[in-house]
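Trainee: Respectively, the protein sequence lines represent chains U and X. If you count the first sequence from 1, position 264 lands on 263 in numbering that gives the first Met the number 0, and the numbers rise without skipping. If you count the second sequence from 1, position 50 lands on 49 in numbering that gives the first Met the number 0, and the numbers rise without skipping.
In short, the hints are calculated from the structure, not lab data. Model, not experiment: these values are computed from the prediction. Don't be surprised by glycine CBs; every beta carbon is placed ideally from N, CA and C. All clues given are correct.
Taking lysine-lysine and the PhoX-like style, the derived pairs with C-alpha atoms no more than 25 angstroms apart in a straight line are:
1) X:K223 / X:K207
2) X:K17 / U:K203
3) X:K223 / U:K217
4) X:K256 / X:K58
5) X:K26 / U:K200
6) U:K217 / X:K26
7) X:K256 / X:K207
8) U:K210 / U:K192
9) X:K247 / X:K26
10) U:K203 / X:K26
11) U:K201 / X:K17
12) U:K192 / X:K26
13) U:K201 / X:K26
14) U:K210 / X:K26
15) U:K200 / X:K17
16) U:K192 / U:K217
17) X:K223 / X:K206
The calculated label-pair distances, taken between Cβ atoms and stated as ranges, are:
18) X:E228 / U:L219: 33 to 39 angstroms
19) X:A8 / U:Q130: 38 to 44 angstroms
20) U:L92 / X:T202: 42 to 48 angstroms
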Amino acid sequence: MQPELLAQLSAALVEGNLTDRNVMERTSVPPAIRILPEANVLKVGGQSFMDRGRAAVFPLVEEILENLPRHKMIIGTGAGTRARHAYSVGIDLGMPTGVLSVLGTFVSMQNARMLHYLLAKHGIPFIEPAQFPQLPLYLAERRAVIFMGMPPYTFWQQNPAVGRIPPHRTDTGAYLISEVFGARSMIYIKDEKGLYTADPKKDKGARFIPKITVPELKALNLRDMVVEPPVLDMMRNAAHRRSIRIINGLERGNLTRALNGEDVGTEITAG
Amino acid sequence: MPDSTLPGADNRYHVFSKLMRESLIDKDVMASTETPVVRMLPDVHVVKIGGRSLIDAGKRALYPVAEALSRILARERLVLGVGGGMRSRHVFSIGLDLGLPTGVLAQLAMADALGNAHILGTLLAPHGVVAIPPEIFGHLLPLFIQSAPGVIFNGVPPYSIWEHPPAVGRIPPHRTDAGCFILGECFGVRSVTLAKDVDGLYTADPKKDPSARFIPEISISELKRMNPETLPFDEVLLDILATTRLVKSFRLVNGLKPEAIEAAVAGEAVGTLVHA
Numbered sequence: 000m001q002p003e004l005l006a007q008l009s010a011a012l013v014e015g016n017l018t019d020r021n022v023m024e025r026t027s028v029p030p031a032i033r034i035l036p037e038a039n040v041l042k043v044g045g046q047s048f049m050d051r052g053r054a055a056v057f058p059l060v061e062e063i064l065e066n067l068p069r070h071k072m073i074i075g076t077g078a079g080t081r082a083r084h085a086y087s088v089g090i091d092l093g094m095p096t097g098v099l100s101v102l103g104t105f106v107s108m109q110n111a112r113m114l115h116y117l118l119a120k121h122g123i124p125f126i127e128p129a130q131f132p133q134l135p136l137y138l139a140e141r142r143a144v145i146f147m148g149m150p151p152y153t154f155w156q157q158n159p160a161v162g163r164i165p166p167h168r169t170d171t172g173a174y175l176i177s178e179v180f181g182a183r184s185m186i187y188i189k190d191e192k193g194l195y196t197a198d199p200k201k202d203k204g205a206r207f208i209p210k211i212t213v214p215e216l217k218a219l220n221l222r223d224m225v226v227e228p229p230v231l232d233m234m235r236n237a238a239h240r241r242s243i244r245i246i247n248g249l250e251r252g253n254l255t256r257a258l259n260g261e262d263v264g265t266e267i268t269a270g
Numbered sequence: 000m001p002d003s004t005l006p007g008a009d010n011r012y013h014v015f016s017k018l019m020r021e022s023l024i025d026k027d028v029m030a031s032t033e034t035p036v037v038r039m040l041p042d043v044h045v046v047k048i049g050g051r052s053l054i055d056a057g058k059r060a061l062y063p064v065a066e067a068l069s070r071i072l073a074r075e076r077l078v079l080g081v082g083g084g085m086r087s088r089h090v091f092s093i094g095l096d097l098g099l100p101t102g103v104l105a106q107l108a109m110a111d112a113l114g115n116a117h118i119l120g121t122l123l124a125p126h127g128v129v130a131i132p133p134e135i136f137g138h139l140l141p142l143f144i145q146s147a148p149g150v151i152f153n154g155v156p157p158y159s160i161w162e163h164p165p166a167v168g169r170i171p172p173h174r175t176d177a178g179c180f181i182l183g184e185c186f187g188v189r190s191v192t193l194a195k196d197v198d199g200l201y202t203a204d205p206k207k208d209p210s211a212r213f214i215p216e217i218s219i220s221e222l223k224r225m226n227p228e229t230l231p232f233d234e235v236l237l238d239i240l241a242t243t244r245l246v247k248s249f250r251l252v253n254g255l256k257p258e259a260i261e262a263a264v265a266g267e268a269v270g271t272l273v274h275a
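Model the full structure from these sequences, guided by the hints.
Mentor: Written as structure tokens, this is what we have:
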């Protein structure tokens with residue numbers, strides 16, 4: 000930005016109103032830099048992956064290690080069945096959404112710790128939110144880090160429109176890391192091929208969708224979906240991460256293909 | 000109760016619960032989780048003290064505010080949030096020029112509000128009211144508020160690099176008004192007051208339009224219909240208020256007339272009440 004433009008923006012922000020659309024439009028330029036353009040963000044599902052234990056997790060760990068020489072990975076973890084238990088008990092006891100968010104964070108952290116110990120001998124660290132400033136060093140040195148997928152909103156988690164479950168969970172937390180760092184990809188590792196028109200575990204007539212845009216997906220108005228709905232809205236506003244991919248990590252080779260940028264699973268684009 | 004130590008037919012090891020095997024995205028499942036919520040701090044009031052409007056304005060504005068807060072603290076318990084003010088605006092402009100994304104701007108802004116929390120904490124220290132470090136503030140809030148008549152925090156929600164990208168531009172949408180209100184909702188406080196340097200909402204800008212009328216009370220749907228060019232509070236509050244369960248409104252008052260803060264905490268009709 001030219002010095003006089005910075006001076007004008009600075010004056011507009013200091014004197015102006017941050018709800019003024021004209022002022023806000025001027026804050027899109029210059030475009031945001033990509034902080035970690037070579038990094039891939041992965042999210043390992045909780046219920047869909049970690050809760051399957053060794054049978055699912057060990058082959059995935061091997062595939063992550065195989066890909067380390069070629070790909071840098073920031074690996075977030077989901078929460079899963081214990082979060083569902085904590086949410087069920089918490090909802091019965093009248094806990095607010097912010098407290099449920101704290102409970103979900105703990106489960107996501109347990110899964111991150113477990114995955115971390117499986118990768119520890121390769122020097123791969125688990126970082127909590129306060130340790131994110133060290134992430135670039137770990138990524139440069141060891142090529143992967145583990146973090147908990149849950150965003151650290153805790154008591155500041157917003158209520159959902161319906162019910163009590165925190166709307167911004169580990170899909171969202173991992174997605175926001177891919178967006179803020181301008182990462183190369185956002186890959187969700189789950190136990191289904193990708194997005195279906197319904198939950199394929201419950202509805203045998205569910206149809207697989209290999210590629211779809213956010214407006215198309217919203218128009219389908221699905222009752223259930225493979226990824227947290229707020230991610231779709233965020234993709235529409237995103238500066239960098241305008242697509243995500245969902246893959247079946249139980250099939251060996253899918254993660255490698257996704258990291259190589261091949262068409263595997265479902266790709267959802269901002270459209 | 001089903002045996003939860005063996006894998007289910009789906010080869011996943013579940014813990015038995017009402018939400019076992021359920022998708023936490025399924026709309027019907029979500030509707031089943033709507034239950035009454037407990038109020039953690041039903042007798043406490045949240046008051047946000049504007050950064051640019053009251054703290055940056057210096058002694059002339061903030062000393063009378065601190066005196067008014069002292070009088071309130073003799074009767075009521077307060078959670079005081081503060082804005083980041085001018086320094087946050089400045090760090091936004093430099094950060095934007097450097098091409099830094101929204102999440103980084105949100106992370107940077109936390110420091111300015113924390114500085115202002117320490118300023119207010121210095122003025123209210125004689126009452127035992129100080130700025131609490133953000134890392135421990137949320138979890139220990141009920142303990143602190145039993146030990147002192149009030150606590151101060153940087154109103155910034157801890158979204159940091161997890162801040163949501165806004166629809167327009169790159170300024171973080173969840174700023175200190177939102178941080179104060181969401182906290183109040185989670186803890187089920189009695190009231191939320193935002194103290195700034197305007198009397199409240201008008202039908203138009205009173206500086207430009209002499210026919211502008213003052214609005215003592217308005218719903219978010221009416222306000223969205225009005226679609227004003229600017230709002231004197233974080234726009235995201237309109238969406239947040241639409242989904243609250245415990246705190247159904249906030250009051251916008253002019254902190255340059257500090258008795259308005261006292262009136263708002265006392266539940267009197269002052270300033271503008273924005274409700275769900």
